[in-house]
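Protein chains: 2
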Amino acid sequence: MFPSDWLSQQANASPTHEAMIWREQTWTYAELNAQVQQLSGQLAAAGLLSGQRAAVLLPNQPRFVMLIHALIRLGVVIVPVNLRLTREEITWQIEHSRCSWLIFDEHTREKAEVIQLPGCRALDLQGLPAAVDVPLRAIDLDSDLAIIHTSGTTGFPKGAVQTLGNHFWSAIASAFRQGAVPNDRWLLTIPLYHVGGLAIPLRCCLYGTAVVLPSKTNFDANSLIADVDQFNITLVSLVPTMLQRILDGLQVQTDPGQWGKSLRLILLGGAAASSNLLERAHALHLPVAQTYGMTETASQVVTATPELTRTKPGCAGTPLLFNRITIENELGENLPAGATGEIVVHGPTLMREYDGEPEATTKILKNGSLHSGDLGYLDPEGDLWVLTRRSDLIISGGENIYPAEVERVLLGHPAVREVCVVGVEDPTWGQAVAAEVVLQTGQNLQAEELENFCRGRLAGYKLPRQIRIVAEIPQTASGKIQRGEVQKHFAAIRAVDLENPD
Amino acid sequence: MFPSDWLSQQANASPTHEAMIWREQTWTYAELNAQVQQLSGQLAAAGLLSGQRAAVLLPNQPRFVMLIHALIRLGVVIVPVNLRLTREEITWQIEHSRCSWLIFDEHTREKAEVIQLPGCRALDLQGLPAAVDVPLRAIDLDSDLAIIHTSGTTGFPKGAVQTLGNHFWSAIASAFRQGAVPNDRWLLTIPLYHVGGLAIPLRCCLYGTAVVLPSKTNFDANSLIADVDQFNITLVSLVPTMLQRILDGLQVQTDPGQWGKSLRLILLGGAAASSNLLERAHALHLPVAQTYGMTETASQVVTATPELTRTKPGCAGTPLLFNRITIENELGENLPAGATGEIVVHGPTLMREYDGEPEATTKILKNGSLHSGDLGYLDPEGDLWVLTRRSDLIISGGENIYPAEVERVLLGHPAVREVCVVGVEDPTWGQAVAAEVVLQTGQNLQAEELENFCRGRLAGYKLPRQIRIVAEIPQTASGKIQRGEVQKHFAAIRAVDLENPD
Numbered sequence: 000m001f002p003s004d005w006l007s008q009q010a011n012a013s014p015t016h017e018a019m020i021w022r023e024q025t026w027t028y029a030e031l032n033a034q035v036q037q038l039s040g041q042l043a044a045a046g047l048l049s050g051q052r053a054a055v056l057l058p059n060q061p062r063f064v065m066l067i068h069a070l071i072r073l074g075v076v077i078v079p080v081n082l083r084l085t086r087e088e089i090t091w092q093i094e095h096s097r098c099s100w101l102i103f104d105e106h107t108r109e110k111a112e113v114i115q116l117p118g119c120r121a122l123d124l125q126g127l128p129a130a131v132d133v134p135l136r137a138i139d140l141d142s143d144l145a146i147i148h149t150s151g152t153t154g155f156p157k158g159a160v161q162t163l164g165n166h167f168w169s170a171i172a173s174a175f176r177q178g179a180v181p182n183d184r185w186l187l188t189i190p191l192y193h194v195g196g197l198a199i200p201l202r203c204c205l206y207g208t209a210v211v212l213p214s215k216t217n218f219d220a221n222s223l224i225a226d227v228d229q230f231n232i233t234l235v236s237l238v239p240t241m242l243q244r245i246l247d248g249l250q251v252q253t254d255p256g257q258w259g260k261s262l263r264l265i266l267l268g269g270a271a272a273s274s275n276l277l278e279r280a281h282a283l284h285l286p287v288a289q290t291y292g293m294t295e296t297a298s299q300v301v302t303a304t305p306e307l308t309r310t311k312p313g314c315a316g317t318p319l320l321f322n323r324i325t326i327e328n329e330l331g332e333n334l335p336a337g338a339t340g341e342i343v344v345h346g347p348t349l350m351r352e353y354d355g356e357p358e359a360t361t362k363i364l365k366n367g368s369l370h371s372g373d374l375g376y377l378d379p380e381g382d383l384w385v386l387t388r389r390s391d392l393i394i395s396g397g398e399n400i401y402p403a404e405v406e407r408v409l410l411g412h413p414a415v416r417e418v419c420v421v422g423v424e425d426p427t428w429g430q431a432v433a434a435e436v437v438l439q440t441g442q443n444l445q446a447e448e449l450e451n452f453c454r455g456r457l458a459g460y461k462l463p464r465q466i467r468i469v470a471e472i473p474q475t476a477s478g479k480i481q482r483g484e485v486q487k488h489f490a491a492i493r494a495v496d497l498e499n500p501d
Numbered sequence: 000m001f002p003s004d005w006l007s008q009q010a011n012a013s014p015t016h017e018a019m020i021w022r023e024q025t026w027t028y029a030e031l032n033a034q035v036q037q038l039s040g041q042l043a044a045a046g047l048l049s050g051q052r053a054a055v056l057l058p059n060q061p062r063f064v065m066l067i068h069a070l071i072r073l074g075v076v077i078v079p080v081n082l083r084l085t086r087e088e089i090t091w092q093i094e095h096s097r098c099s100w101l102i103f104d105e106h107t108r109e110k111a112e113v114i115q116l117p118g119c120r121a122l123d124l125q126g127l128p129a130a131v132d133v134p135l136r137a138i139d140l141d142s143d144l145a146i147i148h149t150s151g152t153t154g155f156p157k158g159a160v161q162t163l164g165n166h167f168w169s170a171i172a173s174a175f176r177q178g179a180v181p182n183d184r185w186l187l188t189i190p191l192y193h194v195g196g197l198a199i200p201l202r203c204c205l206y207g208t209a210v211v212l213p214s215k216t217n218f219d220a221n222s223l224i225a226d227v228d229q230f231n232i233t234l235v236s237l238v239p240t241m242l243q244r245i246l247d248g249l250q251v252q253t254d255p256g257q258w259g260k261s262l263r264l265i266l267l268g269g270a271a272a273s274s275n276l277l278e279r280a281h282a283l284h285l286p287v288a289q290t291y292g293m294t295e296t297a298s299q300v301v302t303a304t305p306e307l308t309r310t311k312p313g314c315a316g317t318p319l320l321f322n323r324i325t326i327e328n329e330l331g332e333n334l335p336a337g338a339t340g341e342i343v344v345h346g347p348t349l350m351r352e353y354d355g356e357p358e359a360t361t362k363i364l365k366n367g368s369l370h371s372g373d374l375g376y377l378d379p380e381g382d383l384w385v386l387t388r389r390s391d392l393i394i395s396g397g398e399n400i401y402p403a404e405v406e407r408v409l410l411g412h413p414a415v416r417e418v419c420v421v422g423v424e425d426p427t428w429g430q431a432v433a434a435e436v437v438l439q440t441g442q443n444l445q446a447e448e449l450e451n452f453c454r455g456r457l458a459g460y461k462l463p464r465q466i467r468i469v470a471e472i473p474q475t476a477s478g479k480i481q482r483g484e485v486q487k488h489f490a491a492i493r494a495v496d497l498e499n500p501d
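Quick mapping for you: the protein sequence lines, in order, are chains A and B. Take the first sequence: its letter number 35 is residue 34 in numbering that gives the first Met the number 0, and every next letter is one higher. Take the second sequence: its letter number 349 is residue 348 in numbering that gives the first Met the number 0, and every next letter is one higher.
Hints are not guaranteed to be accurate.
So the derived list for chain B, only partly shown, Cβ under 10 Å to chain A, looks like this [said to hold, decoys possible]:
no., residue
1, Gln8
2, Ser49
3, Gly178
4, Tyr206
5, Gly411
Hints were generated in silico from the structure; no laboratory data involved. Since we're looking at a predicted model, the values are computed, not measured. Just so you know, even glycine gets a beta-carbon here, dropped at the ideal spot from N, CA and C.
Could you put together the complete structure from these sequences and hints?
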């Protein structure tokens, strides 16, 4: 469909336009394209072949952006790995997605070198061979672009297979909802191993605009506050925890109302935003736009304008062009406006499948439509209100955690008989992980010991912050765990804590 | 590829957003979609069928925009007819493009009713039957959208067959070059029977923005000046003659520098703009962007930014994303930067073919690339400079006229033996048509008589403004007419006229 990849085409259309900015460095599209061509040639010399999959373990720095374009140019599927995962978790993902390569650099070498898997070659970007000639190849919207792992309901992550088309249609529709202008600069605040991060350099490339990488590689509110003004940022994607920290950081400034005058849009997604957070942002006249989407839909599919976010706080807006939203009851029947049911997404941005998981795929993708598991309704104006995210999903600081994944690890401890993991309210992260555990008969154990057991087996953000050893976990008559009741236990404890602070 | 047409999708994505504005009326996307659905049902009831072709004879008013969307919804190919053509010319186009319908309304009834063709039914929009139910149908980028007639080198117009994909890719790339923001309002100054006009409601529909129809249906500089400010217009497409008249109109205002503060972009195309015109526009800080394109490329394929138009006046800029420009010599070899040759256009916006003209198609579309016949070069920054339009093409007030078409009519007069038609400089229209005529031996005739002969056979803008009866037309040794020499004759006469004004 395209005679060559988007970067090569944009280098032809906008050669002198800025493509990427990091600290004191700027790359035009011609320059970025030349460096990507060089990198592609080096990767080809190292042995990367079209059709292979490459796990990528890199921080959010220019090299990662270049690598994304180079892998697209070579036809290699990108499997970006969450840097916060443990060695065990990373190994599982690489093995599960049958990666032929594990790509890293000096920042991640230590983490990468301990991962040894048959059939997967380690590739250090610091020691690449001399480039060979790589011809530009046609790209097709149906080709696989990336596999992004999400927390899974079955205790293991699932790899959402995203095509170039998923990101193409998402980019086009996103531009028309939010506007895209030649002097836009999008600050890459979301890790590139998340769909909301990966989408940004791809969009900027199609729009011919600049992606700006934060001066500090890891999230730092004060540094981001400074970056926005220094680099005249117009677009930024934030999860609620980030926005809250930015607002906290602004609060101590002499004139917080002067911040972010260049911002055209703050895309706020990844989790529900509290009305208090939205009020604080509106008080500073920040152009916050609430959005709804997920890895499986190649990021945003429903997005409000800043005006709508102000007049209808909590509302996600209308679906983006090419996507459609319906609300279904348990029988799969479409519900009218106002009625609450499962949010079902239709359109060209839906992932191809869960990699190697035909059953899980069939469960979520029915007749080409994505059954999100989230509950919500459409109001008479066609705007979506998301009521609860997938029943038991925990979202902590923008990261998704399925209880099943934590439960699987806890059940791996020989003393544990039963376990129920839930999300509890957390002032900083939105939610945090908590667990009730029933021990095997005759066992005696402290919660601390279980916490230590989880460390090394689970990424930090997935670790239970509270573990209660209990005699039994509330169940229905039919033996189904009552997660809601467990949640109430923790809420009650929190209420007492708040009344009696230390 | 799309489950339904773009308007129905935008009505779902942006139901409450304004879609069309005319005088005191505003239509939201939901309202426009509902009216188009009603119109589609009425047209279906009248007998229109998918795959048919319909000639459309309508002024630039909301009904024409609705009809475009309705015909797309029904799968009927739009053949918009230039209202300035004579009955003879219109009849030829309808017959040549095998239209099953001729659609008109009260504004064009008089012109339409005299056209009678077997196999072509007249359809008055004022007397449509009650609507039948029309289901939404999937649309495909490969489907034919419209046939737009352009002046032809062989003495007859040619119908450029444009697909939905041509306009889709053009719209996307145009948005990213010029920017597209949700509050954009595009003033429809170009007739919908020209590609530069037809493209505007299609683009606005994809962007979810508003198309504004001028208060006066025919071009009126003072009315346009008022419309821009009254309706907060952000985008407007102009041919140089229009811009010149607007600047003339502004000159008599008390503070011309206050005009058009809402304008984000003035897309200037259709003909070469003089440096004087650009200077006048820049003096008023107007955001003029020069552009290059043609009917056969579904409008603009190369467009400068306003900044570039200021710093490099006369330069058309870089190709839009997805399009590519090469410069070829007469052997079909690619020339390097700086070298002048034929401008060749590549990309997904090239017309499918000239309707029913395989030979003419093969001549212009070689290996999927469009050989424009225009001469130009690419500078080292990749910017295109157009030196001369297709050798003998005359552009008068933005309308294209091939000499062959006027010559064919003049040669139809029994007293005429030889004729050479050329474009001569015109202060208002850029160029005007002029002719040198050699009479048959023994014939004696006044130029006035030939002018009258042309009237009724040629649209007004194609009529020769000057006809010189001469003894012979300069020819090369091989008998080829030397158009350049004829042009010099008229230039010399004009120079004398300017020195000795009445």
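Taking the numbered hints from earlier one at a time, note which ones the structure violates and give those numbers from smallest to largest. 2, 5
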